[in-house]
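Novice: Each chain is listed here by its residues.
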Amino acid sequence: MTELTLYEEAMCCSTGVCGPDPDEELVEVSAALDQLEAEFENVDVSRANMQHNIDQFLETQPISDLVEEHGPSILPITVVDDEIVAKSEYLSYDELAAALDAATPTQEA
Amino acid sequence: MSTTPTDARAVVEPTNEETEFVFFSGKGGVGKSTVSCATATWLADNDYETLLVTTDPAPNLSDIFGQDIGHEVTAIDDIENLSAIEIDPDAAAEEYRQETIEPMRQLLDDEQLETVEEQLNSPCVEEIAAFDNFVDFMDSPEYDVVVFDTAPTGHTIRLMELPSDWNAELEKGGSTCIGPAASMEERKQDYERAIDTLQDDERTSFAFVGKPEDSSIDEIERSASDLGDLGIESQLLIINGYLPDSVCEDPFFEGKHEDEQAVIERARTDFDADAMATYPLQPGEIAGLDLLADVGGVLYDGDEATVDVGTATDGDTETAIDFESMADAEAVADQLRPGDETQYLFFTGKGGVGKSTIASTAATKLAEAGHETLVVTTDPAAHLEDIFGERVGHEPTSVGQANLDAARIDQEKALEEYRTQVLDHVTEMYEDKEDTQIDVDAAIANVREELESPCAEEMAALEKFVSYFDEDGYDVVVFDTAPTGHTLRLLELPSDWKGFMDLGSLTKGAAPAKGDQYDEVIETMKDPERSTFAFVMYPEYTPMMEAYRAAADLEDQVGIETSLVVANYLLPEEYGDNAFFEKRRAQQQEYLGEISDRFDVPMMLAPLRQDEPVGLDELRAFGAEITGLDDITEETEPEVTAS
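Residue numbers (full-length UniProt numbering), protein chains in the order written: chain A, 1 to 109; chain E, 1 to 643.
Treat the hints loosely; a few may be bogus.
[As the list claims (entries may be wrong)] Estimated spans, in silico, between C-beta atoms of each pair:
# : chain 1 : residue 1 : chain 2 : residue 2 : range
1 : E       : 187       : A       : 65        : 24 to 32 Å
2 : E       : 141       : A       : 83        : 50 to 58 Å
3 : E       : 445       : A       : 104       : 24 to 32 Å
4 : E       : 230       : A       : 98        : 45 to 53 Å
5 : A       : 3         : E       : 445       : 20 to 28 Å
Just so you know, the hints here were simulated from the structure itself, not pulled from any lab data. Note that beta-carbon positions come from the ideal geometry of N, C-alpha and C, so glycine has one too.
Next up, chain A with everything else stripped away, as it sits in the complex (with noise of 0.2 Å):
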């Protein structure tokens, strides 16, 4: 099982559409992980945001030193498995796909 895990900062609501516009990168982003989770077998995606999973990011090492070093703009973080494959950004479904077929067929991490 592939674990593709998305750290965001705090926020509201993690759909996009919760503010007077939508926020585009949200809801794209919403819809990217909808879809990779149906399309690929194995692999399961979660997400985690300072506000309501605080939890997770402490009990996760790399990603709370990278938070305690840089603040809150090193987010959202992308993991695959335990290897961050992006920082500062939110992946394209494209990019997502990519870092996902990387992972699965290998398992290497």
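Please build the complex by placing chain E on the supplied structure of chain A, with the hints as guidance.
Specialist: Frame of chain A; chain E shown alone:
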């Protein structure tokens, strides 16, 4: 008239081994605390171990029982089997926020924490915290019965029911709009149990307390139907504070008495509750064990109420309200009149204080004085139509008076507009990105689903509210704000959302386009030259305290100062010439003094009328009496309505 006390008794009296719960719901000022205290006292007197829980932010239990109570469960000195606790809902919300923030201290610096804290300063969080208070006491096996002087609303329960869907939501690691999913997960079972108990009519009774007024009964029917949708039945209706027949000795008060009895009759036929009971208005405030026992006796034992007016005036005949010295007509008019730019008037206050009438009256007078005026209601009950006797719709339309338009925010339409806007935005966004392999339809369907949330409703209402700041062509826009805490929520949200957007933009660069528009609206509301916040209340303890607290919140949270108060329903001098009304007047006088001290702003004084003004003629006449605007209306001939 003869009540059916045994029915009321059957509702509140425990019958099971397990602890039972009685919730009293109703607007401030209807005597909810009194009824709760009387009920708790009656239960204790009947040998039930009883706990009374109040979450009133300005509790007056200590006045009622003559004893300090506070945040710990405290035994009531003179009543065996009775304990009480006062929970401060603000403190509870703050505690909840701090618990949420605490673990973040390790990772975030002060500035970042502050942003998170501001974000948690939301109505949703307050509702969760308030619900926590109920949950905490819904596991109290040491008591036979727990009486709450407040009840969760349908809205709160709907929020808290989401837990049933949380499993799915939590597994996705997603978060709901209502708070820290992680910390709520621990309480999930408690919430579920609490909601089960709330829905179990063997263990839980919901009772409404209201005044003998149509608006009060309408409001209760709405709330009850909200609860009904969630499988919660309202079992008891208590109508409190009707005028005793014996003291109504002139046509004015005889008329009032008749109106009230008609409302009570209507409630008896219309309201689908197992039991109904009534209690009369007393000449003074209800405090002390004797009066509490009287209330309990009337409600649950079928006793006759004792209305002891005592001797007329004990040496203090100077109870006439000195309108002249208190009301400064010119100062009031100053607060209403527009300057060079569009003026925004907000009439705020709890339901039943007469806001819509006051707002419509002011709007009519301003229009009459030649100012292009728009009056907007956010009240779902849409009283404006009744007041003007004209159709009032979602878009501003004329209501007959030259220069005057009215509009009503239609929640459903506002929500539809908001949904369309968001979906259009998302669709457009994907149109520009042809290179992705994303399933656009699925993505849009997702968003559509997300828009089925309570948050979307809030946003929609806010959007509509903000849009009225962009209406062109008006000198004055008068808001008759919604009668619940909803008003404050609407007003506070701009600041909350600004915090939200700032937070979002920390990493995402550009602030959403709406940010500037919201900033402008907040700035306008904060500018005393352009905006007037008027609190409408009647001179009694609870309405005054509620208004005062709401005003303090506005100032603390949004930086908006109150600049006018309207004291409504003042007893007229020319009627009610007996000891009963003398005492009522003396009491009003006392609270008027206190309102004046507390708020220290110009005061508009509005008398109790035989009937509320309806139609333009009556509104104009009433306005001449109370707004101080009459001196500027001379010679303004009606013109053809421009807008």
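Novice: Taking the hints in turn, state whether each one holds.
Specialist: Do the hints match the structure? See the list:
Under the hint 24 to 32 Å, the C-beta atoms of residue 187 of chain E and residue 65 of chain A, about 30 Å apart, fit the expected range. In this structure, residue 141 of chain E and residue 83 of chain A meet the distance hint of 50 to 58 Å, their C-beta atoms being roughly 52 Å apart. For residue 445 of chain E and residue 104 of chain A, the hinted distance range of 24 to 32 Å is satisfied, since their beta carbons lie about 27 Å from each other. Hint check: residue 230 of chain E to residue 98 of chain A, Cβ distance near 47 Å, so the stated range 45 to 53 Å holds.
Checking the proposed 20 to 28 Å range against residue 3 of chain A and residue 445 of chain E shows it holds: the Cβ atoms sit about 26 Å from each other.
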